[in-house]
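> What follows is the residue order along each chain.
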Amino acid sequence: MNILVCIKQVPDMEDHFVPNAAGRWFDEIGLVWRMNEYDAFAVEEAVRLKESLGGEARVTALSIGPVRVVETIRKALSMGCDEGVHIDDPMATERDPWQIASMIAGFAAGRGFDLIFTGMQSEDRSSAQVGVLVAERLGIASVTGITAFEWQDGSMTVERELEGGRKCRLGLKAPALLTCQLGLNTPRYPTLPNIMKSKRAALTVLSPESVGLESPKASSENFRPHEPNAAGVILEGDAETLAAQVVSILESRTSVLGPGGVR
Amino acid sequence: MGATREIFWNTGHGAVVVMYLLALVAIGAMAQGFRLRRSIWRRGKPLDRADHPLRRFTRFLADTISQRKVARVQDGGLPHAMLFWGFLLLLDGTLLVMLQRDLLTPFFRFNLLSGDFYKVYSLVLDLAGLLALLALGVLAARRYVIRTPGLESTPADAGIHLLLLAILVTGFIVEGVRMASTELGDNPGLALWSPVGYLFASLFAGMDEHAQRAAHQALWWLHMLLAFGFIAIIPWTKLRHLATTSGNSFFEPREPKGTLPAVDFEDETRERFGASEIGDLTWKDIFDADACMACGRCQQRCPAYLTGKPLSPMKVINEIGSIAASAAENGLIDAVSRDAIWSCTTCGACEEICPASVEHVGKIIEMRRSLMLMAGEFPGDEARRACDAIEINGNPFGLSHASRCDWAKGLPVTVVDGGTEAEILYFTGCYASYDPRNRKVAESFVKLCAAAGISVATLGKAERCCGEPARKLGNEYLYRMMAESNIEAFRSAKARRIVTACPHCFNTLARDYRELGFDLPVEHHSTFIRRLVSEGRLKLNPPTFSATYHDSCYLARYQDIVDEPRLLVQAAGGTLTEMECSGKDGLCCGAGGGRILAEEKLGTPIVDERIRMARKTGASTLATACPFCLSMFEDALKRQGNTELKALDLAEIVARSIDRQ
Numbered sequence: 001m002n003i004l005v006c007i008k009q010v011p012d013m014e015d016h017f018v019p020n021a022a023g024r025w026f027d028e029i030g031l032v033w034r035m036n037e038y039d040a041f042a043v044e045e046a047v048r049l050k051e052s053l054g055g056e057a058r059v060t061a062l063s064i065g066p067v068r069v070v071e072t073i074r075k076a077l078s079m080g081c082d083e084g085v086h087i088d089d090p091m092a093t094e095r096d097p098w099q100i101a102s103m104i105a106g107f108a109a110g111r112g113f114d115l116i117f118t119g120m121q122s123e124d125r126s127s128a129q130v131g132v133l134v135a136e137r138l139g140i141a142s143v144t145g146i147t148a149f150e151w152q153d154g155s156m157t158v159e160r161e162l163e164g165g166r167k168c169r170l171g172l173k174a175p176a177l178l179t180c181q182l183g184l185n186t187p188r189y190p191t192l193p194n195i196m197k198s199k200r201a202a203l204t205v206l207s208p209e210s211v212g213l214e215s216p217k218a219s220s221e222n223f224r225p226h227e228p229n230a231a232g233v234i235l236e237g238d239a240e241t242l243a244a245q246v247v248s249i250l251e252s253r254t255s256v257l258g259p260g261g262v263r
Numbered sequence: 001m002g003a004t005r006e007i008f009w010n011t012g013h014g015a016v017v018v019m020y021l022l023a024l025v026a027i028g029a030m031a032q033g034f035r036l037r038r039s040i041w042r043r044g045k046p047l048d049r050a051d052h053p054l055r056r057f058t059r060f061l062a063d064t065i066s067q068r069k070v071a072r073v074q075d076g077g078l079p080h081a082m083l084f085w086g087f088l089l090l091l092d093g094t095l096l097v098m099l100q101r102d103l104l105t106p107f108f109r110f111n112l113l114s115g116d117f118y119k120v121y122s123l124v125l126d127l128a129g130l131l132a133l134l135a136l137g138v139l140a141a142r143r144y145v146i147r148t149p150g151l152e153s154t155p156a157d158a159g160i161h162l163l164l165l166a167i168l169v170t171g172f173i174v175e176g177v178r179m180a181s182t183e184l185g186d187n188p189g190l191a192l193w194s195p196v197g198y199l200f201a202s203l204f205a206g207m208d209e210h211a212q213r214a215a216h217q218a219l220w221w222l223h224m225l226l227a228f229g230f231i232a233i234i235p236w237t238k239l240r241h242l243a244t245t246s247g248n249s250f251f252e253p254r255e256p257k258g259t260l261p262a263v264d265f266e267d268e269t270r271e272r273f274g275a276s277e278i279g280d281l282t283w284k285d286i287f288d289a290d291a292c293m294a295c296g297r298c299q300q301r302c303p304a305y306l307t308g309k310p311l312s313p314m315k316v317i318n319e320i321g322s323i324a325a326s327a328a329e330n331g332l333i334d335a336v337s338r339d340a341i342w343s344c345t346t347c348g349a350c351e352e353i354c355p356a357s358v359e360h361v362g363k364i365i366e367m368r369r370s371l372m373l374m375a376g377e378f379p380g381d382e383a384r385r386a387c388d389a390i391e392i393n394g395n396p397f398g399l400s401h402a403s404r405c406d407w408a409k410g411l412p413v414t415v416v417d418g419g420t421e422a423e424i425l426y427f428t429g430c431y432a433s434y435d436p437r438n439r440k441v442a443e444s445f446v447k448l449c450a451a452a453g454i455s456v457a458t459l460g461k462a463e464r465c466c467g468e469p470a471r472k473l474g475n476e477y478l479y480r481m482m483a484e485s486n487i488e489a490f491r492s493a494k495a496r497r498i499v500t501a502c503p504h505c506f507n508t509l510a511r512d513y514r515e516l517g518f519d520l521p522v523e524h525h526s527t528f529i530r531r532l533v534s535e536g537r538l539k540l541n542p543p544t545f546s547a548t549y550h551d552s553c554y555l556a557r558y559q560d561i562v563d564e565p566r567l568l569v570q571a572a573g574g575t576l577t578e579m580e581c582s583g584k585d586g587l588c589c590g591a592g593g594g595r596i597l598a599e600e601k602l603g604t605p606i607v608d609e610r611i612r613m614a615r616k617t618g619a620s621t622l623a624t625a626c627p628f629c630l631s632m633f634e635d636a637l638k639r640q641g642n643t644e645l646k647a648l649d650l651a652e653i654v655a656r657s658i659d660r661q
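Just so you know, the protein sequences line up as chains A and B, in that order.
Heads up: the first sequence is residues 1 to 263, going by the working numbering.
Heads up: the second sequence is residues 1 to 661, going by the working numbering.
Looking at chain B on its own, in the form it has when it is part of the complex (with noise of 0.2 Å):
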C-alpha cells in the first residue's frame, strides 16, 4: 500500500462546505477586528513608513520567520520562537492539504501528499506539533509556575495558553484516532512516520470501530472550531500582535537612529508643537503600543526603571494604547506622568532590546517637547537656569562665552581666527571646555594630536553649545538656535574635518546637523585615536593595568561604535574585563538626555548602579569616551569616597603610554 491518507477521512457528508463557510466566517471577524484597530491607529498623525516597500518586506519576512529579535533575549524568545516555527509549519501543512484537495486532485490529478513526500511530511508536522507543545509547556510555566518578574498577566493570557493547548491536543487526538482505525491496521510502517500520532493511536487501538469513528468525528469539528476561533480573535485580543509585531518590521524607522522629527520653524501659522494629546503622535506611535505584547524586556534594561523612578518604557507605551482605545482627546502627559517624562535618559536601551520594533524615546522626546515648547515646563529649576545659560553663554553653566577657550593656552592648538588650515577641527564641547576635569581629557588630546603630527584648531569662542542636553529635553528651539550659530562658525573658518570627543556633540554634528544643510565629515576620538594607532602615526609604550570600558549609549547604541573603544584601551595596554552589561546592552550613566543638566531627585543614582558594576569587574581603571559619563563618575567616586577605581578618558589613557622616544 502506497503512502498517502484519505483526505477529509470520516468528516461527514458536506462537512467541507461547512468547513469552508465557517472559514469565511473567521476571516471576516478577523478582518473587521482589524478595521476597528485601523480606526484606532489612525487618530494618529500621518507618516511614511512605507517608502522602500520591497526592503521592508524583506525584513520583516526575515524578521519574523527567524524570530531574531525575540529570541535574541533565549528566555521566553526560545520557546516563542519554538512555539512560533511550531504554528507556522503546522499552518503551512493545513495549506498544503488545501492546496491538494481543491487544487492539485480535481484540476491535476496529482497526489503530492503521496509516497516519501508525504513521510516526511507527516514526520515534520508531527514534530512541528511536538515542538509547539514543549514551547507551550515553557512559556506556561514561565508564566505561572516560576512567575517571572516583571511579567504581568491577564485573564486573557490564561486563555489564550488554553487555546493554543486544546489547539494542538485535539489535533493531536484526532490524528491518533484517524491512525488507530487506518495505518495502524492498513499500514504500520506508514504510521511510525508520525511518531506523535502513533502514541496517540495507540491510546485508541482498543476502542471499538464505531467509538473511534464517533470521536474523531466530534473532535475533528472541534478542532476546526478552535482553529477558526484562534483566527476570529486574532484582532480582538493579544494575539494581533501576530499582525502588529511582525508588522512593525516592516514600519521601522529607515532614518539613522535616533533621528528627532524636524520642527519647522518657518510655518508662522503653526501653534502646537510636541505631543500632549493623542492626535499628536503619529500612527505609528498608536500601532507601536498594538505591536507591544508588554514583554517587559525594556523595563528590565531601563536605567531609570531599574534605579527606583517613575519611567517604565513599556508603561509609557501601555498608555498611550490605552488612550487611543478610549475616547479621550487629551491627558496624554498626565497619565503617561510629568516624571515619568522626565527620568527617561534617551538611552536607548528599550528599543535596542524591544522584540517589537517599538520606537519609545521618540515618543517622550515629543511629549517633553510638549511641556518645554507649549508650556515652558523643566524638569526641575536648574535645568532651565543651564537652558537660559546655554542661550545667553553658549554653555550650560552660565560661564562666560569669551573664557571658552582658556583651556587651550600653551598648548598645541590654533584657535580659528578666520578661515583656518588645520588638519581637523577640534569640537570641544561644553565640559571639555570649564569642567576643570573634563579639560584635562581635552589637553591630552591635542598633545596626542601634537605627538602624531596632526594640526589641531578650534572655534574658540565661536564655539557654543552643540545644543544637545536642550534638544533632549525637548527645546527643540534652543537647539536649533545653537545648531545655526555652530554651522555658520564651522563655514566661516572654512573647517575641513572636525573630532569632537564628546558621543553627544558628535553623534549632535554628525547626525542632527545634517538636516539644517551641514555635511562636514565628523568623527568621534575614539575612531579618530584608533586609527592614529593603527597606522603607526602614534607609537604607544604602554604601562599594563587592568581596566573595564564603559560604553556611552550615544556611541555604542546610537552609532555602533563598540570595538574601537577598547582596542585602543588595550592598545593602550589595559587589560579589559567586560562589566555585566555592556557594548549595545550596556548601562547609562545617568547623564543622556539632557539629564546632565538636571538634578536626579528620585530613586537612586543611575551611576552608582553603573560603578557598582565596574567595581565587579575588580579593574582599576574605568575607562569612558564620554564627558557626561566622565562626570558622572567623578562626581559619584569622590561621593562614595572610592579611591580603587580611576575614571578616564580614551585621550587621557593613550596620552599617557606614548612612546616618547
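Isolated chain A (complex conformation) (with noise of 0.2 Å):
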C-alpha cells in the first residue's frame, strides 16, 4: 500500500503580519514556521494507517517550498512517514493553488498512490482548492474536510461535518484523496529515536519544472494585514444625557442627521 500525504509550511498564525515590498504577500522576515495544523492531521491519520497495515505500507510525505520547509519534511518523518519529498521552488508562497497541484499531480501520477491525504486547507492563504484539484488532476474519487477515517481492505468508510454540526458518512474506494478536518486525530508527539532517525533520513529533492509545473491561474494582488476595529465608546450619565451625546455623536461623525439623511 503507497500513501502520499502532502504538507506546507505555515508561519505560526500568532506571529505579526506586514505586506512584503511589493504588497502581494506578506513579509517573511521574523516568522516562525511550524506544519500546518490540518497536515498535521493528514499525516497522522496515514501514519496511523500503515501502523494499522503492518510493514506492508509506505508513506511518502511531500512538501513544496524553499530550504526552509525541509524541517516540516523532516518533522512528518519523525511522526512516522517513511520517505521525504522536497520540491525544492523559492516561489511556492507566491503560487496560485493550481499551480501547487500541478506540481503534486505531477508528482502523484504514475506513482500507484492508492490514498492521498492532504489537509482540508492551509493556516496562511486558506484556499481549500490544493487538494480537489489534484484529485481532479489524477482523475480519483475526494472527499473533503473528513473528521473519521476507517480502512476496510481496499475501500473505506469517511466522515465529514455538514454546516450546523451535521455530520455525513461516505464509502469509496481507492485511490483517493481525503482532506482533514480538525477533529480527525490528536497528532503524535514524535519520540526521539523516531526524530533522530528523521534527521539522518535522505530527502529526495525535486525541481518544479520536473514535476510538470503550470502556469497559473489566479495570482495575488494584494495583501493587507488585519484592520483593527475602531475602539468603542461607552457613555454614561442618564437617559437624557446619554440621548444627547449620541446625537451630538451622530451629527459630528455621520452624515445620518444631515441634507440627505434621515431628517
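Derived by calculation from the structure, the hints in this document are not laboratory data.
Incorrect hints may appear among the rest.
Said to hold, decoys possible - Derived pair list, reagent style DSSO-like, types lysine-lysine, alpha-carbon separation capped at 30 Å:
1. B:K461 with A:K199
2. B:K584 with B:K638
3. B:K257 with B:K238
4. B:K447 with B:K315
5. B:K461 with B:K409
6. A:K197 with B:K409
7. B:K616 with B:K646
8. B:K45 with A:K199
9. B:K601 with B:K539
Make the complex out of the two chains shown on their own, each in a separate frame, by following the hints.
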C-alpha cells in the first residue's frame, strides 16, 4: 500500500504579518514556521493507517517550498512517514492553488498512490483548493474535510462535517484523496529515536519543472494585515445625557442627520 | 579486691571456641545475604558514586554516628538514634571484651578492663542497655499502641522488635545472675557501677548458687545465639538498613542539587531514553530501595500525596525495590503508575527530609523521559500543546515570539541588538514576558533597577523559554533546543551578568546550562535586590504591612536561598509570620516539575493547601519570589473569591517602598 501525504509549512498564526515589498503577500522576515495544522492531521491519519496495516504500507511526505520546508518534512518523518520528497521551489508562497496542485499531481502521476491525504486547507492562504484540484487532475475520488476515517481492505468509510454540526458518512474505494479536518485525530508527539532517524533520512529533492509546474490561473494582487476595529465608546449618565451624547456623535461623525439623511 | 571481672565466667569448657565458630557462621550468613543483595543492585546500570572516597567516608561516618538525618524529625527519629547509640556502645563493649581476652591478656598480660576504667565501662554499658531498652519501648509504642499514621507494619517488624528486646533483656539477666553469684557478695561497691545489672542481680540474689550458675550458663548461650542470629539476618531483613541506609550517606550525589543525568544526543546509535525497565535505572536507584525503611516522612510532606494524588515517593521507591527483587524485566512504569509519575512537582521535599539519602526525583524524571521521549506521552493534551508552543514560539502560551519584549515598551530597559553594555542582562522568562500579572513584576524589577542606577538589557525576542518545565516533564530534547538557542543568544549579546526573577530559569541557567558550556554568573532577583538594599543603592521608605513569605522550592530547597527574601520583605516594611511549613520544609505551590503546563485533574489543588496555611498566619500579603507560585496564587485567590490576602512578588514589594525623595 502506497500513501502520499501533502504537507505545507506555514507561519505561526500568532505572528505579526506585514505586507512584503511588492505588497502582494506577507513579508517572511521574523516569522516562525510550523507544519500546517490540518496537514498534521493528514500525517497522523496516514501513519495510523500504515501502523494498522503492519509492514506492507509506505507513507511518503511531500512538501513544496524553499529550503526551510525541509524542517517540516523531517517533522513528518519523525511522526512516522517513511520517505520525504521536497519540491524545491523558492517561489512557492506566491503560487496559486492550481500551480501547487499541478506539481503534486505531476509527482503523484504514475507512482501508484492508493491514498492521498492532505490538510483541508492551509492556515495562511486558506484556499482549500489544492486537495480537490490534485484529485481532479489525477482523476480519482476525493472527499473534503473528513473527521473520521476507517479503512476496510481497499475501500473506506469516511465522515465529514456539514453546516451546523451535522455529519455525513461516505463510502468510497481507493485510489482516493482525502482532505483532513480538525477532529479527525490528535497528532502524535514524535519520539526521540524517530526524531534522530528523521534527521539522518535522505530526502528526494525535485525541481518544480521536473514535476510539471504549470502557469497560474490566479494571482494574488494585494495583501493587507488585519485592520483592528475602532475602539468602542462607552457613554455614561441618565437617559437625557445619553441621548444628547448620541445625537452629538451622530452629528459630528456621520451624515445621517444632515441633508439627505433620515431627517 | 580490685575492680574487674572474670571474662567468660561460668560459660563452660570450650565455650569460647564454639562461640567463635558460631560467629563465623553468622558472619558467613550475613556475607552471603549481602552477596545476593548485590546481585540485585547490579541489575542497574553502572554509576560512579565512589569518587572522593575520603570525603564520602567522613560524611558517612558523621551522618551515621550523629544520626543527624533520622533525628531531625524527633518523633520516631530520637528514639531511633537512642536505640542506635545504645547498641553501638554495647557492640563496642563486646568488642573490648574480645580485645581484652584474645589480645591484651595473652600477648601483653595487661588488664584494660580493671580499676576505674572498668567501673566507667560497667556504668556506660549498663546505661547504654537501658537507653536501648527505653528507645525500643517508645518505638514499639509508636508502632503498636499509638499506631502513627503512615507507618505500615509487617510481621517482620514485630519479629525484629522482639529480637532486640530479647537480646537486651537476656543480656541484663545474664549480667544480673552473674553479679548475684559474684560481685553482690564479693565486691558490692563495684556492683553499684552496674545499676541496671544491680537491679536484676537483686532479683536472683535469693537463688541457690547451683541454680544461679545453671541459669546463667543457659541464658548466656541464648543471648549469644540471639546476638549472632541478629548478625546473620541483617541482609535478609529490614535490618539490612544498618548497612544500606548508612551506606547511602556514602553514595550521596556530590553534584549540585537537582542535577539530572545528561542525555547524549550525539550518540546516533542510542535507541533508548529514560527508564521503563529495571535495567534502565542505575544500581544506586535500586540500592535506594534497600536503603528505604518506609518511615513515610517523604509521603507526609509530598504535596501530591497530601492533596489526594496517587503519588507517594516512598511507594515509588518500594515498587522499584520489589521489581528489582523479582525476575521482572519491564513493567516499571505500570508498577509505579503513570498518574503517580506525572503527579510529581519535583519540589524535592521528599529528598530534603529523607533520612536514608534516597533520591526520589531523578527516578521519576527518568520514567518521565521514557514516557515522553520513547512514547510521546504527556500528562495531558494541554501539556503537549504547551511543548509544541515552546518549540515553535519559544513560550508555552503559543504567543508570538516577536511580542516577547512588548512588556518593556516605555520602560528603562534596552533590548539587545548586537552586543550590550548594560550592567545586567535581565532574563525575563515566559511568565514575566507574557502573563499580564507577572509583567507587573518585570516592570517593578526594571523600575527598581533604574532607581538603583543599574542599567538593564533583555534579549528581547531572541530569548526563549529556558526549557525547565519541558525538561522536568521528561522532554530533554526540547529543553536542549531551548538551552542551546538561549546560550547562543547570550553569547552574541556579549552579556556579562544575568539576573532573573524566576527560580526555575535561575536554577536552569545557573546549574543545568553549565554542562552545556555556559558559564556566565547568574543570580536570582531576591539576592540581587537584597544586595542593592544592603549596599545602600536602593533607599527604602517602607509602609508597614503584615506578610508571610512562601518559599519557592527551587530557591529554598534547590539553591539554599531562604534568608535573603525574608530580609528583603522586612527591609520593605513587612512584619513576617511564618507558615506551618517554611524554608526548606516549605510546601510547593503545585506548579513545579512542569506541572505549570498541565491541568491538575487529580485530588484537590495543591495551591489551596498552601493558601490555607498562608491564611492561618493572618498576614495580609503573601510574598513570593517565583512567577509560577505567583500565578498559582493569583488564580486560586480569584477562584476562591479571596480578597483579604494579596499575593505580591518581592520586586513589587520593594518597588512600592522605594524612597522617592
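> Now look at each hint and say whether the structure bears it out.
Structure-based check of each hint:
1. B:K461 with A:K199: Status holds; Cα separation ~27 Å.
2. B:K584 with B:K638: holds (28 Å)
3. B:K257 with B:K238: Holds, because 28 Å separates the two Cα atoms, which is no more than 30 Å.
4. B:K447 with B:K315: Judged against 30 Å, a Cα distance of about 48 Å means the pair is violated.
5. B:K461 with B:K409: holds (13 Å)
6. A:K197 with B:K409: Violated: K197 (chain A) and K409 (chain B) sit about 43 Å apart, past 30 Å.
7. B:K616 with B:K646: holds (14 Å)
8. B:K45 with A:K199: holds (28 Å)
9. B:K601 with B:K539: violated (45 Å)
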